[in-house]
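Chemist: Input sequences plus hints: build the corresponding full structure.
Just so you know, the protein sequences line up as chains R and B, in that order.
With the numbering used here applied, the first sequence covers 1 to 363.
With the numbering used here applied, the second sequence covers 364 to 663.
Honestly, the hints are just simulated from the structure, not real lab data.
Yeah, the Cβ is synthetic: ideal placement off N, Cα and C, and Gly gets one too.
No false leads were mixed into what you were given.
Simulated coverage check for chain B against chain R, where a stretch passes if three residues somewhere in it have a Cβ under 8 angstroms from a Cβ of chain R:
{"#": "1", "segment": "441-453"}
{"#": "2", "segment": "459-466"}
{"#": "3", "segment": "578-585"}
{"#": "4", "segment": "620-630"}
Cβ-to-Cβ under 7 angstroms is the rule here; a few derived chain R residues that face chain B:
{"#": "5", "residue": "Gly-141"}
{"#": "6", "residue": "Leu-157"}
{"#": "7", "residue": "Gln-165"}
{"#": "8", "residue": "Gly-332"}
Here's the letter readout for the chains.
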Amino acid sequence: MSSPDHAVVSTGRLAQSPHNVFQRLGIDGPLTIFGGPIYWSLFALILIAVVLFPLYGSTFAALNFTNFLINAPVALGLALLWGYCGVLSFGQVAFFGIAGYAYGVMAINWGLGLGTLLAAAGALGLTSLVAAAFGYFLFYGRVSSWIIPVLTLVLTLVLETFLGQTAGLEWRIGQAQLGGFNGMTNIPSLTLGSLTFNGYSLPLFYLVVALIAVILIGLRVLANSHFGHVVMAIQEDAERTELLGYDIRRYQLVVFTIAGFLAGLSGVLYATWGNFIQPSSVGLLAATLPVLWVAIGGRRSLSSVLIGTIALSALSDALAVYSGDLAFVVMGALLLFGMMAAPDGIVITILRSLAKLLVRRPL
Amino acid sequence: MAGDLFNLAYQFLVNVSFLMLAAMGLIIVLGMLNIINLAHGEFIMMGAYTATLSVHAGVPFVVAVVLATIVVGMIGAIVELLIVRRFYANKLNALVATFGLSLILSQGTLLLFGPYLRGVSMPLGGFRVGQFSYATYLLVVAGLAFVLIFALWLLFYRTRLGVDMRATMQNPDMARALGVNTSRIYTFSFALGAALAGLTGALYAPTTTIVPLFGTAFIAPAFITVVIGGGANPLIGALASSSLLSVVSTPLSSQYGTFAGRIGLMLAALVIMRFLPDGLSYYLQAALLRRRKARPESSR
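Modeler: Laid out in structure tokens, this is it:
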């Protein structure tokens, strides 16, 4: 690595000797707000409770819970992008949709078994490629920070319009019919040997739980790594970071692509969960959801975003029983008043005060 | 041949005026307050609702349009006083907050008024040139858009309020030191942006169905226009970017349909931004200033 590395290292974590096992593993550090023995014990307890859930809860509840958990990767990706890199994107659902549709097209054409695994890999690869290409225009064009949310929102709207008008028979890729407003149906679920990852059985539940644990730990390692320090430095002061010799465009593009990949992962999981994908999952209302989860959760803390995402998904699901419109009014109100009363995020503010009560110093 | 030419000119005018009207309020708020109002589409929707409901109550269409402009302008002032002014320090937070507001407004409208409203018929009828027939109303709207630009120019460059606004835009601290009440200017600017959105919604209410997501048809083109125009000079930005974008989208949409036009807009925006990241108005403004500096005696 070149000389600028030492500039950050000397002020960052590596300069002090890591004083506990978690920091030595790289999963704790100054750039993740919560950490330490209490955090990781809670993490392990919650993980065990979730894994054992089907034993003491109903299978139906576990399957319903899977539906909420599927939202976590896209939210965690946006937390990295917005909270750490300072780039707000309304376009994560576009990547969600691209991956869902791509998985559908490939899985329908390549069939069960190995075909679905190839389809998942292909869909994730394609989504990352699209995210990288779009990100290239954003970051290498050096557009100002307020333009990115606007352009990503436009990307989402254009994609929804495109998918909505694919009702005709000419919109057929191999055997897959894009299906216009009704969306694409009969998408095969992921299969691995005798396991089928669909919305009716437990394998998908365990797959999603495992993926989320890996993503959470992986993103914490990334955030506390040298790379994460540079990304945080860009958010704090882009110009200064650049003067220290870093190509900030490259770092932003990499983070944008990771976030796009994670959104794609949610999209693939959604398609395999419900066996369908429709244009409204790319639409304006859908685009609001990841931003809501991350803003209300607390964009600087991955754990808060995870809690916020699951809680809010459950809340809108419960409200939607009464009225889908009401659910969005409540979400909008939470967002608006959250931004006014607790601009850092509601969940993180609660967690912080809890941590202060428990440990006296921040966890 | 002459008929085809007229057809192209008509489409072009209608496109330019649509983009200009959709983006005008947004670009003024961006230029003055340096924030993007994501509830802009919902302001447009409220303009359409106000106008439509007034017409149903027996008010003449022209009065309904004026009423919608005033009502939405007042709502804008209230929104600025209660919400937007808390976010001037953090642009991205302002964006997210107005986004929350847009959710409340559009879904609240859905709850209050149901999925659609009985429309208003288009006034003024039509005329024929060659083999195509045209709506007179859309031409009148196009004319109005240019009158509006002229009126805003008068406001910005020929009134005391306009001088205060431009001063606030250039250097708020200095303007405050010289006795300009910048906070009132901000409220007025946001209300002006909202009023223009209300006017746009009212003017386009007769052309389409009135639904709670009425605004979404406007926001993508409006955002693209604003992004390309930039906030350096709202009037030049709106004019230049809506003309440029119409040059791209008019042939595309008349050849291959509206969707191709939209995609063309998006791609044109990406390419233009790659090369002119600060928006057209920034470069035009700079060119204008250079010319004035070269001939100092002609400057005002």
